[in-house]
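4 protein chains.
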Amino acid sequence: MMDAEKPLRVALIGHGFMGAAHSQAWRVAPRFFDLALQPRMALLVGRDADRTSAAARKWGWEETSTDWEEAVRREDIDVVDIVTPGASHAEIALAALAAGKHVLCEKPLANTVEEAQAMADAAARAVSGGARAMVGFTYRRLPASVHARNLVAEGAIGDVRQVRAAYLQDWLVDADAPLSWRLEQDQAGSGVLGDLGAHIIDLAQYVTGARLGEVAGTLETVVESRPLPASSGADGGLGGQRGTGGERGAVTVDDVALFTGRFGNGVLGTFEASRMATGRKNALRLEVYGSRGALAFDLEELNFLDFYDYTAPADRQGFTRIMVTEPVHPYVDAWWPAGHSLGYEHGFVHQVRDFVDAIASGSQPSPSFADGLQVQQVLDAVTRSSGKSSAWTPVQ
Amino acid sequence: MMDAEKPLRVALIGHGFMGAAHSQAWRVAPRFFDLALQPRMALLVGRDADRTSAAARKWGWEETSTDWEEAVRREDIDVVDIVTPGASHAEIALAALAAGKHVLCEKPLANTVEEAQAMADAAARAVSGGARAMVGFTYRRLPASVHARNLVAEGAIGDVRQVRAAYLQDWLVDADAPLSWRLEQDQAGSGVLGDLGAHIIDLAQYVTGARLGEVAGTLETVVESRPLPASSGADGGLGGQRGTGGERGAVTVDDVALFTGRFGNGVLGTFEASRMATGRKNALRLEVYGSRGALAFDLEELNFLDFYDYTAPADRQGFTRIMVTEPVHPYVDAWWPAGHSLGYEHGFVHQVRDFVDAIASGSQPSPSFADGLQVQQVLDAVTRSSGKSSAWTPVQ
Amino acid sequence: MMDAEKPLRVALIGHGFMGAAHSQAWRVAPRFFDLALQPRMALLVGRDADRTSAAARKWGWEETSTDWEEAVRREDIDVVDIVTPGASHAEIALAALAAGKHVLCEKPLANTVEEAQAMADAAARAVSGGARAMVGFTYRRLPASVHARNLVAEGAIGDVRQVRAAYLQDWLVDADAPLSWRLEQDQAGSGVLGDLGAHIIDLAQYVTGARLGEVAGTLETVVESRPLPASSGADGGLGGQRGTGGERGAVTVDDVALFTGRFGNGVLGTFEASRMATGRKNALRLEVYGSRGALAFDLEELNFLDFYDYTAPADRQGFTRIMVTEPVHPYVDAWWPAGHSLGYEHGFVHQVRDFVDAIASGSQPSPSFADGLQVQQVLDAVTRSSGKSSAWTPVQ
Amino acid sequence: MMDAEKPLRVALIGHGFMGAAHSQAWRVAPRFFDLALQPRMALLVGRDADRTSAAARKWGWEETSTDWEEAVRREDIDVVDIVTPGASHAEIALAALAAGKHVLCEKPLANTVEEAQAMADAAARAVSGGARAMVGFTYRRLPASVHARNLVAEGAIGDVRQVRAAYLQDWLVDADAPLSWRLEQDQAGSGVLGDLGAHIIDLAQYVTGARLGEVAGTLETVVESRPLPASSGADGGLGGQRGTGGERGAVTVDDVALFTGRFGNGVLGTFEASRMATGRKNALRLEVYGSRGALAFDLEELNFLDFYDYTAPADRQGFTRIMVTEPVHPYVDAWWPAGHSLGYEHGFVHQVRDFVDAIASGSQPSPSFADGLQVQQVLDAVTRSSGKSSAWTPVQ
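Just so you know, the protein sequences line up as chains A, B, C and D, in that order.
Position in the first sequence (from 1) plus 495 gives the number in the numbering used here.
Position in the second sequence (from 1) plus 495 gives the number in the numbering used here.
Position in the third sequence (from 1) plus 495 gives the number in the numbering used here.
Position in the fourth sequence (from 1) plus 495 gives the number in the numbering used here.
In isolation and in its complexed conformation, chain A is listed as follows (with noise of 0.2 Å):
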């Protein structure tokens, strides 16, 4: 609300596609939630000058700068939000979490695992001088899966007997589709593995309440050289355009993503991440089974959760399809009447709710800097699964 006595100074670091969805997110998040500090769209940094001052002004942040230790040299920043490319993460938020600012950092975590340890153990001390830390997960913050949740953990699908996850996408189906910095390993870190499978390990984890102990996975890469992008510079633009003739480069991230897990509690998951499956645009799809009923959620059709309750009268058994649009969903009474459709980015103002109340409460945001962390293990595991032809391979 506007009049919460205490305003929160937020700076943004990067402003890509997840800068526009944070922006989103700190913007409305105040409107349709009770917040008990209010925040302030203070700072956003970008390494170019005129187009991070177009971007601050398309999204309504008060100042701009081309230099990211300003956002934790300034004392009246209270919160650094990192949206950058993995490889800079852990050095921001090093250094914010240092400066004694909150810390709110996209997905995942790092580009390694050392540097996940680094972050998350800066994050416990930071704690102390009351500096909390958030990883950005933020499908958990849709109602399906709070939802979803909620369920296992009331016991209304008994024991989790069996996961199956799934993030399918098509965006490389092309194969003539440019190579990015994306697609090469220096700079990515990693493929599609980090980027779809950190989000379903991470979701299949919070929905289920357990963790996974032990992966066996294969990694791929099944269009292995793409057109090298023409340069922005002296040539004109001329080279490596599609279909000009241009040289190819390889592709060194892997595009499928493949691996079993099995959690703590003994339970076998599937894990799938692709960006070959055609057709499927975000196919973000989670299946739990249990001994006494099952869950199943695809984010392309993010409004709703199908229940099974195995315990219902033998002749009305199927699977509910729950609309999760209702007052009684999680986050759903600030927002419309019942059965009005939410959308991707509402994710993100749910997240700025939770971490804004974390913060004001002094309590733990979840998940945690150590949560991200876990999931940098699991795809440090599977990594090591697949250039040991698959075999189990405990994580951490």
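Be aware that a few hints might be false.
The list treats identical chains as interchangeable, and a pair is accepted whether it falls inside one copy or across any two copies.
Taking lysine to any residue pairs in the SDA-like style, the calculated list, with each CA pair at most 25 Å apart, reads [to be verified]:
1) K501 / S623
2) K553 / T716
3) K883 / L763
4) K501 / E557
5) K553 / H835
Just so you know, the hints here were simulated from the structure itself, not pulled from any lab data.
With the hints as your guide, set chains B, C and D onto chain A.
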């Protein structure tokens, strides 16, 4: 079961598409259900001797005839099963009932109320002589339909408040599909109203247990002329073929029929029948909304019934997609293990089961000819309403 | 974009559910779309000073007033956005147009044809002074709706043959839900017909590009009395509460509205609006069948549009479930990457975009007040038809 | 057709659930398809004389025997159809082939690779004598499966890139469902891998036209002990019944089987078979992603095939839900008019059609015993991989 003491000798009159469906039903029913009387496929009657013989060989009928009166005259025939066009239903059924035969007659019962009235009267009279008559609304015999009716009867959806029924097909979408006898009033008696409309009237009444008391509707002919088919005669097949510049003839029946009905208990329902619904192949849809729940069914997915329980916990409400293929569901335990789909023809098999059971036990099979008459009266009221500007018109 | 030279100062009259939706739209639209004029959320008007101030703080309006005439009088106000109950639309809009303001008015345009006519006349007159008026049928602004209209206009489904439209909700299923002003004729003007029926009339006309010329229909009140709500006054809240034996009052508006319409081009459509459709939360469904294809849409799954191409190879025909979230789809390139869902509120954002664009370019925004009047005339014709036994009744 | 000159005398060995399905197929196939040879249901063989006689009467077999060797010895028997448990497949099939009989054998072909190899060798030898052998993977015979294979073969989805196959059932969810011979290794040979896994291996290979070359997988037993069933003997049925405090025995086969496979062309696929997937009754799902499109199928909705055309106009792309019930679709023209659903048993009818056609024309029916052997080799490789920490293991 094959060792049932008494056979039940059946004569089938007609051998088109419905003849195939009925033949399959007579052949298959005793293999899956334990019938108290053992059907024998004794006599197939058709107008053309060669085609009738071919059909009898293919479908397994013992004898053939080109004279339906032979089926009525023969003392060894127990059942007359009528699948001819509607115009001949009354004549055959009246003769068969007068001769003491059990009669199964395809829907709609007749082409006019008068004929249907005579048939219902004859069926009532025939009971004293031990003969039973039934009209063939087979969609009542699907597991989903019976389960829906049971749920309504048990109060699972409370008081019925609103009904939505539609039967959508698209086989007349092509404006150059040829004119056939089915599209001429003097031969077919009715268009989509009698063909598809009759089904949704019967099914809606069956599931809700209520009867339509008045209707307000509109009959429409969207494509008003069609190419005359090539004659099979002296013109060598030159005339009327598509694309050959042949003449067109008038379509004299409706291809879209829309009406609102009020059931005797005051509930309103909408009814839509169309042969112009591009892309809908066999979409008989029924939705029933009640004070405590709802039901929805679509014939294109006939192994499913959607059920909404308004008394369930608020956060778990939704349409439950019941896969009506469990042993607890109607008819299913005679077939395959749980989860194995049934198809269109199974309704006909179940019809034989129920008809034979009624004959064996000396009880009235349902739907009776009186039920068929009532549907005919609804069709008639719709036609009259359409003729007077869609005004509300009482049924009979 | 924030650097657009000229601001556009907006006054919002009303602050219920629609006030929240419009506020969100005014705030968000300039962040995602490049607008030629820069909206400023200048003035929020409500009857109660405290509640209006609270809403203004929450939603970010600069000033407040309890007098809507202030919005009309103030020279610095450019746009009057009306989200009050229908009874006050005409008075406010007429004054605002007379004062040269642009006007955005929620649907339905007014409670009577007479009011709507006066508003349309005033809007026509105001054009010479540069003022523009639009009525808020936001479901036109969903990517699926615009894409559907475009497909029809391109001939993708050929000639439209049949239309099916329904808007099903269930918020009045509980017969003991209290009586509110929305259920009393003298205050609300209309029941489900004006509320939900208006939406499907507009959307069906928008998508098909045709207008209803005559209608035949029935209005129904399924639950005829409801508990009187507790007064907030001296009786201490004892009266009329559910389960306390309080008195019941008469529901004087329709909760189910059913009609058949004939478009000017002769095509028939069915229209159903219900607040009694148990389990349907916001099921605005539109199906359009044409000579070469078909379209189907359901607001409960608003990111999808089903398209049937009757000219495709026969063995590959079927309804194609287009996920209308690609950059090539209407409005989508301003939002998120491919496959990321939009929600209910995005229609309002798009409405602001289109309204501001029209103002900036001096063109007529659509739907105009004349369009809103025409919808009102259809509603009126349905009401008259219902009063004369559902007979066909011309629009106007 | 009944007037085919030559009969084909069939002996069926076994009469459980599969016996019913095969009986129905032998009875129905000649009624809908014109077969060059006329099947006669000559001999039913079972271990128990009374139960075999009852089954023969019910299903319409002319004679019975309790000795399967009678079927092999009798010169008038042309076909031996084997539906016994897997442990006896090899012995019966080898004898039948040696006697020059055509053999149809249920899947999986055998319990071990060695048995399967011997059967494939025998089948190869028998060809010279005119005998033909086929293994019964009936899901290949559904219209959707054949259409899927045809679309892949025509290039409609381009080069296959990724395969996802799962077969999910829930009949073992109840941990107190009794132990049966199907859950004991020494009798059943395999658990869910051989039962459901075999189906998805065959179907994925059939549709894609590629064969698995190596696999990496895990076999799991979720419920490790179950109540011993009551003996049928002297203890009067007191022992081991659910809830009576009876003893539990060890489940010695897998109830969840998960593996990744690499096809010979390098493509990766995931395979999951489960009897623990609560709420999934018969969910055989296959998804095939290619460079120009994709296909998806679910056996619970077997009349549909989803097809994505990546070469369609960008704004019209989506999964097209093909209702595979048109006369242009495989097998369908023999059945009902467009849009009328087929069911589970139709696959068996089509199998008889194809088997008889191959016999009549002297060609090799597909899938051959060599095909069945290859599936067995895949199953064996999965088991071996599971035993060595899920490491990649070559097939054969």
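Inset, instruction - Would you list, in rising numerical order, the hints stated earlier that this structure does not obey? - result: Hint 2 is the one this structure does not satisfy, whereas the remaining hints hold.
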